[in-house]
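Each protein sequence line maps, in turn, to chains A and B. Mapping of the first sequence onto the numbering used here: residues 1 to 112, in sequence order. Mapping of the second sequence onto the numbering used here: residues 1001 to 1117, in sequence order.
The hints are simulated quantities; they were obtained by calculation from the structure and are not laboratory data. A hint or two may mislead.
Calculated Cβ distances over 12 angstroms to all of chain B for the following chain A residues [what the hints assert, rightly or not]:
hint: 1; residue: ASN13
hint: 2; residue: PRO44
hint: 3; residue: HIS49
hint: 4; residue: ASN54
hint: 5; residue: ILE89
hint: 6; residue: GLY103
The list that follows gives simulated cross-link-like pairs (lysine-lysine, DSS-like), each with its CA atoms no further than 27 angstroms apart [claimed, not checked]:
hint: 7; chain 1: A; residue 1: LYS99; chain 2: A; residue 2: LYS69
hint: 8; chain 1: A; residue 1: LYS99; chain 2: B; residue 2: LYS1055
hint: 9; chain 1: A; residue 1: LYS99; chain 2: B; residue 2: LYS1014
Rough simulated footprint, nothing fancy, chain A against chain B, three-plus residues with beta-carbon under 8 angstroms [as the list claims (entries may be wrong)]:
hint: 10; segment: 1013-1025
hint: 11; segment: 1109-1116
We treat Cβ as the ideally placed atom computed from N, Cα and C, and that holds for glycine.
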Amino acid sequence: DAKTTQPNSMESNEEEPVHLPCNHSTISGTDYIHWYRQLPSQGPEYVIHGLTSNVNNRMASLAIAEDRKSSTLILHRATLRDAAVYYCILRDFNFGNEKLTFGTGTRLTIIP
Amino acid sequence: GAVVSQHPSRVICKSGTSVKIECRSLDFQATTMFWYRQFPKKSLMLMATSNEGSKATYEQGVEKDKFLINHASLTLSTLTVTSAHPEDSSFYICSARDGDGGTDTQYFGPGTRLTVL
């Protein structure tokens, strides 16, 4: 799996939007961009994924750069429950490449 | 979303004993499940890929005879830590793949915290 780069930590105020960046300059044409988050003492939770177009779901939005070398996870209105480690992962959609390789992620702290 | 459960959530055992951890996909069938290990303040490390009805594929450096994986049905995979030692104390997490292609999603269990005394 291609490598991603994320800031180690970020802080945001409660009820404000949060933009979590991810760089993936070596992304290939068959890599999907996946985001997971892990709350303390829990297993990771799927957030969102996309290929080329921006994606929205009930949890977040994913903005993908036109050259696909970077992406941003957007939490529109952060709550204290959003405090977690957020992982940006590239995954090849060719069948047989199911593994998720977790990096160090971004630890998001929400300030009340 | 799909739900994956793990049992037990927490286990404490004596050194030298074996511990079995169960991973179940509750509302979907999973031909492929994954086992991860996470040490404090560290990221998840994939241990093995478990395919229903066949042998598991272990990542480099993971002892297959120590970490026995069985995936006997489409909804259940088990990880047995044999002859556990204090260095095996960790947070073990499983995931199950919902789908057959590369665009599918992996859903994770809540994890099992193993403490070996």
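Right, here's what the structure says about each hint:
1. ASN13: holds, 25 angstroms
2. PRO44: violated, 5 angstroms
3. HIS49: violated, 7 angstroms
4. ASN54: holds, 16 angstroms
5. ILE89: Contrary to the label, ILE89/A does not stay out of reach of chain B, its closest Cβ about 10 angstroms off (not over 12 angstroms).
6. GLY103: violated, 6 angstroms
7. LYS99/A to LYS69/A: At roughly 21 angstroms apart (the allowed maximum being 27 angstroms), LYS69/A and LYS99/A satisfy the hint.
8. LYS99/A to LYS1055/B: With a Cα-Cα distance of about 16 angstroms, the restraint between LYS99/A and LYS1055/B holds, given a limit of 27 angstroms.
9. LYS99/A to LYS1014/B: violated, 33 angstroms
10. 1013-1025: violated (count 0)
11. 1109-1116: Contact hint for the segment 1109-1116 of chain B vs chain A: holds, 4 residues under 8 angstroms.
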